[in-house]
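Chemist: These are the residues of each chain, in order.
2 protein chains.
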Amino acid sequence: MQVKFFTELKKFSPDKMVKINLFETNNLFCDVYCLEPQQSQKLHTHHDADKIYFVLEGIGHFYVGEEKQTLGVGNTVLAPAGLQHGVENLSEERLVLLVVMSPNPNVKNKA
Amino acid sequence: MQVKFFTELKKFSPDKMVKINLFETNNLFCDVYCLEPQQSQKLHTHHDADKIYFVLEGIGHFYVGEEKQTLGVGNTVLAPAGLQHGVENLSEERLVLLVVMSPNPNVKNKA
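Heads up: the sequence lines are chains U and X, in that order.
With my numbering applied, the first sequence corresponds to residues 1 to 111, in that order.
With my numbering applied, the second sequence corresponds to residues 1 to 111, in that order.
Excised from the complex, chain U in its bound form (with noise of 0.2 Å):
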């Protein structure tokens, strides 16, 4: 059985967020992302594929289209395919995002 348990997984760098993958299929990617203090996701779309973030630890400034919330944990987020989204950990503690993502981008030839 596929089982990850993200407080051991969970990682930083001083250089920029880590993204860790949890899970990989042919309809999804999981992954875990860690943003120190001052770390983001810029703002970026992707125009087939809906992306999920629900915050595990910290607070984030989430950007979705033109909107702009901050979220803390339990809270979850939808960025729907076609609109700009981001994320910014612009508080004094680490951020921990749980993040999928389907269609998986990754996949280029799906079945």
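Honestly, the hints are just simulated from the structure, not real lab data.
Predicted model, so just to flag it, every value in this text is computed and none were measured.
Heads up, the beta-carbon is just placed ideally off N, CA and C, and yes, glycines get one too.
No false leads were mixed into what you were given.
If you want the footprint, here are the derived chain U segments under chain X, 3+ residues with CB under 8 Å:
| id | region |
| --- | --- |
| 1 | 5-13 |
| 2 | 18-25 |
| 3 | 60-69 |
| 4 | 75-88 |
| 5 | 100-106 |
Take the given structure of chain U and dock chain X to it, following the hints.
Modeler: Okay, now just chain X, sitting in the frame of chain U:
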């Protein structure tokens, strides 16, 4: 911005597990499952869709394929397409799960 806070949304029924939809797109759905002690999601199989469970509260007994594991908060489980899977709350506390499924089986005609 579509944001959901599961602690405000979770609810339980004495009759059976409660599913609360957070988001639904052409590519995925994201639900919260709420199980009282002794409630379960029976073993079943999705032939095309992958499911991810994340334990938000409590302890779950997870079944994927022929395997079984007891998992607490912070664990993520992959139930890949084609493998039977289910979850049971054999503990004395409530169990709350974040569940993502992709592709969305409720969408019959994908673009």
